[in-house]
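One line per chain: the protein sequences are A and B, in this order.
Counting with our numbering, you get residues 1 to 414 for the letters of the first sequence.
Counting with our numbering, you get residues 1 to 442 for the letters of the second sequence.
Source of the hints: derived by calculation from the structure; they are not laboratory data.
Check the hints yourself; a few may be wrong.
One side only, chain A facing chain B, incomplete, derived with CB under 7 Å [said to hold, decoys possible]:
#1 P54
#2 R135
#3 P270
#4 E272
#5 L305
The beta carbon of each residue, even a glycine, is placed where N, CA and C say it ideally should be.
For reference, the chains in residue letters:
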Amino acid sequence: MPDDTLFSEVLDPRNRADPYPIYKKLREVPVSRQRDGAYVVSTHAAIRALLFDPRLSSEDLPPSRRPRTGNPLRDWILNPIKNRIATSHRPLIFRDPPDHDTLREFVMKEFTIHRVNGLHGRVGSLVDDLIERCRGRDEVCLVEDLSYPLPVAVICDLLGVPEKDEPQFQKWATQLATALEPDARHDEASRHATVAAFDEISSYMRKLIRRKRRHPADDMLSGLAKPGREGNPSMGDIDLISTAILLLVAGHETTVNLITNGMLTLLRHPDELKKLKADPERAPRLIEELLRYEPPVHFRTRKALGDIKIEGTTIPKGAPVILLFAAGGRDPARFSNPNRFFPDREDNQHFGFGGGLHYCVGAPLARIEAEVALVALCRRLVEPELMADPPPYRSGASLRGPESLGIRISGINR
Amino acid sequence: MSAVDDPSIVIVGASLAGLRGAEALRDSGYTGPLTIVGDEPYRPYDRPPLSKHVLAGDLRAEATELPQLTAVRAQWRLGQAAVALDRAGRTIRLADDTVLPYRSLLVTTGARARPFPGAGAGLPGVHTIRGRDDAAALRSALAEKPRRVLIVGGGLIGCEAASCCRDLGLSVTLVDPNPTPLARVLGMLVGNSVAVRMKDAGVSFRPHTHVKAFESRNGKVARARLEDGGEIEADLVIVALGAERDARWLAKAGLLADGGGLTCDAACRAMTGEGAPDPHIYAAGDIARWPNPLFGDRLRTVEHWGNAVEQARHAARNMLAGRDDQKAYAHLPAFWSSQFDVNIKAIGSTEGADKIAIVHGSRTSGRFLAVYGRAGRTVAAVSFDEARWLPAYESQIACGAPFPPILDATDQAPIDHFSPGFPAPRLASESADTTERESIHA
Ligand SMILES: Cc1cc2nc3c(=O)[nH]c(=O)nc-3n(C[C@H](O)[C@H](O)[C@H](O)COP(=O)(O)OP(=O)(O)OC[C@H]3O[C@@H](n4cnc5c(N)ncnc54)[C@H](O)[C@@H]3O)c2cc1C
Ligand code: HEM
């Protein structure tokens, strides 16, 4: 009889620093039913199969997996993003085909290789600036000093948010990101702050879109807001706003985690740090390995629209399905020595960016950000040393990452 | 003595299956001598681009060489056909009378284009497409802007060629005995979607049309004479009637081989006339006809790229394994084709299908995924630019799920069932080759 409470251990913040032994136990039953009726999918093969199964829906987080407090208002606030936009404008990550595809196509058309690669220089100077600000200190708080501010600045640049509005954006991003944590403790003040942030960013976006329509520039929002040609309508305003907010939210905490996990992992594997410093060309492989070994997104939830037979289990219609990407990344049936951090690994097909139709839109951008940041950190921080291992983690189990990462340094290289 | 210690392995047929088989032997640790015999003068090359990018002029025929994924360290005997097999003496003889001994033989001689059976097949201006030279010759003929191209046969290669010719701005007529293109491969319901695309692209498709002969003017093809007496003007003809095999050198050696293939047991070993496998002779790729467990053990060839690769690897594995460790080869056929701006991907076998359902997309939009049922089971799926969910249907086909298999997808409208509309099998008198129905690249 498989243990049907393992997933609650995954959610338990006490296991945040090292959830991998629980994943190992979970993989013994590739698709395992939990006491609350959710099905956890933890082997590489089963995750892969389900990512390409048309019966899994992203439309609605099943009610059983929504945080419940017993107080309807409080519930509503705890799911602010979803509830705020569920009825009117759901972002594409929570939509199924065919609507999803139409929206995604618009985004992809604007998320060109050209535009993303064009951000490389900007990411470089942002990273250099942020590191430069730590000069004279003997410790770096990586999350606060670099991981956290970088992605927001980059997304602002991508979308075409004027630089003077960026500090405002940083505030909204912080507020909305904490609101995304399913089990975060929200007090009265933070609830209000979240709702306010959401309304503010929405109305800000509305104005910005109007401005982009009048004075289009070479940025993504201008591209998305372009009036459509005949028979080829562009996105409606509401979808535009929710897409812009999605890009901010989906590309924020995730990238923070990748950079922070990356530095943490390098500090735990000093050889790899040295190698990267000597040969920055190693970065792409190293980042792929990070996405397998310490992915920023540990799982995503879907809903089964029909009975799905898989690996000897039948997931019944309506059941929540948890795709435990991070467990698939450590599956010994797919990866040899899965618990070894080994950037030279061949055929590294991880689920760091998900897979199938919701595969991360921002993957190329995230790779650039992580690459530039990690290479610069390795090169410039002199004698970096972890101050606490494990570091304190944020409470989220899905978007899992350190809350802060103190690094002692003896200087900063030019 | 185990095969691993054997002094020599010979592979006959230097193409996709031959190369992948050789690589697999090396990958599995075979270090002994290896000889690869091929009647074409070239190192193994890839055929799918020949009827696509090469005809379109995007890729030179010489640029199709297949990369060696593992160094095969073989002795190559290229430009030499194997002409005789002596099973008792375990030797093969080449066209130049060289005799090669073998301890283990892998036959990967594939197939060739079925020639036009009527008069005029050899006239200048009449082409087929199977090899690199065929494609190069056809490409340079097309570059000279023939006034009227006639394609005989609406199978995958005929349709791909028609698509390329239209892209080149040539006037194209395609004739087929069936009511729609691809009727034998995918049925008329799906074939009709191709007919619509052809029409939009400006191809003149003539169904129910039988060509009897080609006639010439000034020593060059000028027209096709039809069975009903009519004619079609053409200064360039592409004959795309599917494939057949020249297996005479094997039949003479007492193996079950004919134009439809070389019969093997489930472990890819060639079957002898006495009804037992020859433990020293294996086959893979387009040549091999074997009892596929996924088709209820019916003997079939699968003439697709993916099978050549997989079966060659499987045969190589069995060649190195002991007699009591011979594994059966099960394979779910799959192929792709690109034509008329659509990517077609198919999986499973439509043979004998009696039902079809459009499960995603729609025929009106031209993007859809259709599944085929046979006696209540799901047996095949085909995608026209709608391949996203194909893997899910693949696993349904592999486990023989009831038809239709998936009814609760996110993007499904209510599903209607139709008849797939396969043409009646040819009469025996019409075709000397009973494998016509099985040959998907007809
Ligand atoms: C134009 C074209 C387009 C195609 N497109 C697709 C596609 O889009 N998708 C897909 O899945 N499949 C496609 N195919 C099918 C695919 O290419 C074949 O399934 C594959 O080539 C089979 O490989 P093989 O090695 O078994 O046989 P072959 O490739 O036929 O090779 C056999 C080789 O053996 C040689 N040979 C024969 N007899 C002898 C002898 N006696 N002695 C020595 N050598 C001999 C032949 O000359 C040849 O070189 C296409 C085929 C063609 C011709
Ligand atoms: C390291 C950084 C990142 C990681 C690990 C990551 C991870 C993921 C994952 C796992 C998904 C799939 C979600 C699912 O299947 O339900 C996803 C989707 C998505 N990501 Fe990312 N992401 C990162 C950065 C970004 C960035 C920088 C952006 C945008 C600027 C972005 C935009 C999106 C969007 C829009 C989707 C939804 C796509 C869809 O539903 O079709 N992500 N991401």
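Hint-by-hint comparison with the structure:
1. P54: Given a least distance of 3 Å, the restraint on P54(A) holds.
2. R135: R135(A) check fails; min Cβ-Cβ to chain B is 50 Å, beyond 7 Å.
3. P270: Violated, because the Cβ-Cβ distance from P270(A) to chain B comes to roughly 36 Å (cut-off 7 Å).
4. E272: 29 Å, violated
5. L305: Nearest chain B Cβ about 4 Å off; hint holds.
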